[in-house]
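2 protein chains.
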Amino acid sequence: MSKQNIYDNDTFFEGYQAIRKNERNANNLFEIPALFSLLPDLKGKTILDLGCGFGVHCRKFAEAGANHVLGIDISEKMLAVAEIENSHTNITYLNLPMEDIDQLEGNFDLVISSLAFHYVKDFSDLITKIYDRLNDNGSLVFSQEHPINTCHAGGDRWTRDADGNRLHLNLAHYSVSGERESVWFVDNVKKYHRTFSEIINILISAGFTIDKMIEPLPENKILEEYPEYRDLLHKPDFLVVKAQKLKKKD
Amino acid sequence: MSKQNIYDNDTFFEGYQAIRKNERNANNLFEIPALFSLLPDLKGKTILDLGCGFGVHCRKFAEAGANHVLGIDISEKMLAVAEIENSHTNITYLNLPMEDIDQLEGNFDLVISSLAFHYVKDFSDLITKIYDRLNDNGSLVFSQEHPINTCHAGGDRWTRDADGNRLHLNLAHYSVSGERESVWFVDNVKKYHRTFSEIINILISAGFTIDKMIEPLPENKILEEYPEYRDLLHKPDFLVVKAQKLKKKD
Chain A
1 MSKQNIYDND TFFEGYQAIR KNERNANNLF EIPALFSLLP DLKGKTILDL
51 GCGFGVHCRK FAEAGANHVL GIDISEKMLA VAEIENSHTN ITYLNLPMED
101 IDQLEGNFDL VISSLAFHYV KDFSDLITKI YDRLNDNGSL VFSQEHPINT
151 CHAGGDRWTR DADGNRLHLN LAHYSVSGER ESVWFVDNVK KYHRTFSEII
201 NILISAGFTI DKMIEPLPEN KILEEYPEYR DLLHKPDFLV VKAQKLKKKD
Chain B
1 MSKQNIYDND TFFEGYQAIR KNERNANNLF EIPALFSLLP DLKGKTILDL
51 GCGFGVHCRK FAEAGANHVL GIDISEKMLA VAEIENSHTN ITYLNLPMED
101 IDQLEGNFDL VISSLAFHYV KDFSDLITKI YDRLNDNGSL VFSQEHPINT
151 CHAGGDRWTR DADGNRLHLN LAHYSVSGER ESVWFVDNVK KYHRTFSEII
201 NILISAGFTI DKMIEPLPEN KILEEYPEYR DLLHKPDFLV VKAQKLKKKD
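Protein chains in written order, with UniProt numbering: chain A, 1 to 250; chain B, 1 to 250.
By construction, these hints were calculated from the structure, which means they are not laboratory data.
Check before you lean on any hint, since a few could be wrong.
Copies of one chain are not kept apart here, so a pair can be met inside one copy or by any two copies together.
[As the list claims (entries may be wrong)] Listed below are the simulated SDA-like cross-link pairs for lysine to any residue, each with C-alpha atoms no more than 20 Å apart in a straight line:
1) K212 to N201
2) K129 to D100
3) K212 to S175
4) K191 to L233
Please model the complete structure; the sequences and the hints are all you need to start from.
So, in structure tokens, the structure goes:
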């Protein structure tokens with residue numbers, strides 16, 4: 001069973017819900033602004049959100065004028081919250097692993113995913129399935145953990161000075177793709193490390209054209225308010241990518 | 001004066017010539033194979049080699065059937081060697097900084113550069129000038145130091161165990177683009193760090209389509225013969241990129 005569902009674990013779910021309720025988390029401060037900066041005009045569009053979680057983004061897409069939003073997630077618990085907190089006449093929530101989108105009918109103008117792809121084992125298979133679900137001139141916009149993050153394979157991640165300030169990241173095994181085990185509320189959360197070139201080449205091989213990439217940093221005013229995010233100057237946490245399925249020439 | 005010419009410094013030149021004469025250096029073992037793996041068929045092509053040095057690549061291009069190869073370099077000393085060791089009826093060597101290729105007449109089917117772009121201060125300006133010099137459906141193929149390398153800003157690069165084995169890279173300042181000073185035979189060699197996304201986005205903004213990227217590793221048989229290159233599993237030394245100037249649709 002290659003599809004990991006940590007989200008329906010009670011311990012994980014409660015921990016995750018707590019950080020997402022903190023409005024000043026890293027996602028809200030710089031991952032989501034970067035992701036949304038790459039979105040096309042959503043008016044009249046059909047949108048597929050992979051790993052939609054609580055449906056917060058789905059509601060934003062619907063409110064921005066999307067014609068229809070399909071939010072899928074492997075976690076029934078997450079979707080139960082989504083149905084209560086973020087329902088909308090133009091949104092459908094569906095309990096489906098993103099690895100199974102070849103089972104869906106119909107195509108989309110935009111496929112979006114926030115911080116979920118690093119849990120997927122077979123990235124090439126996923127990207128091919130996304131390409132097949134997109135209309136011509138459709139876009140894929142996704143964020144994931146940065147490859148400099150996902151390469152971590154245990155041990156201390158940072159070297160600190162006597163005051164606990166982070167001096168540098170302890171980078172190892174960057175060139176070794178594959179599974180990494182980590183602890184995130186629960187033990188044995190599996191993530192998959194892929195190098196930068198691997199991510200890019202898989203997208204291109206599937207037929208996508210790379211449109212833009214962002215390694216987001218907090219704006220200066222956020223750095224002043226939250227000096228702990230200065231560590232991101234050493235190492236970005238996230239990678240955000242926009243790719244397009246350009247219409248083939250006749 | 002933004003165009004750096006370390007190569008005509010006597011100390012640098014002699015040190016550089018010595019490592020390049022060692023046929024088993026990192027360039028020959030995995031940078032050059034990766035670079036050449038991205039080249040199109042060279043028969044009948046016009047080629048511009050930016051930072052051609054001793055002209056070793058230029059001769060290979062000419063021998064592979066290129067119609068004409070223009071090798072440019074900022075270093076007169078390098079070109080003097082090129083004229084002696086790698087002359088060919090289809091090659092012209094010219095003493096010109098790559099930042100000045102807008103002064104050239106005529107266009108090229110292929111622009112290539114090996115390990116020189118990280119010395120260029122204004123990457124965006126260079127890439128725009130390259131785009132302007134390429135024919136429709138022409139390609140740019142280049143290698144440079146890997147962004148995980150170029151970000152280094154002094155201090156120990158590696159943390160080692162008691163036996164001197166490299167445990168991990170000390171990664172810092174990745175997200176801070178700009179000038180880095182380093183020592184390579186001589187003091188104060190200036191390199192310019194750019195993040196992955198910056199390199200990609202500058203290429204795309206200039207009009208290029210990204211075709212493939214490689215973060216080269218030595219093959220297993222080389223790792224067996226030269227175990228010191230196992231460190232590359234922690235951190236690749238080089239980044240190799242192929243980008244295309246696709247003909248605009250009518």
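Results of checking the hints against the structure:
| no. | hint | verdict |
| --- | --- | --- |
| 1 | K212 to N201 | both (14 Å within a copy, 6 Å between copies) |
| 2 | K129 to D100 | within (8 Å within a copy, 45 Å between copies) |
| 3 | K212 to S175 | between (23 Å within a copy, 17 Å between copies) |
| 4 | K191 to L233 | between (23 Å within a copy, 19 Å between copies) |
Consistency note: the structure conflicts with none of the earlier hints.
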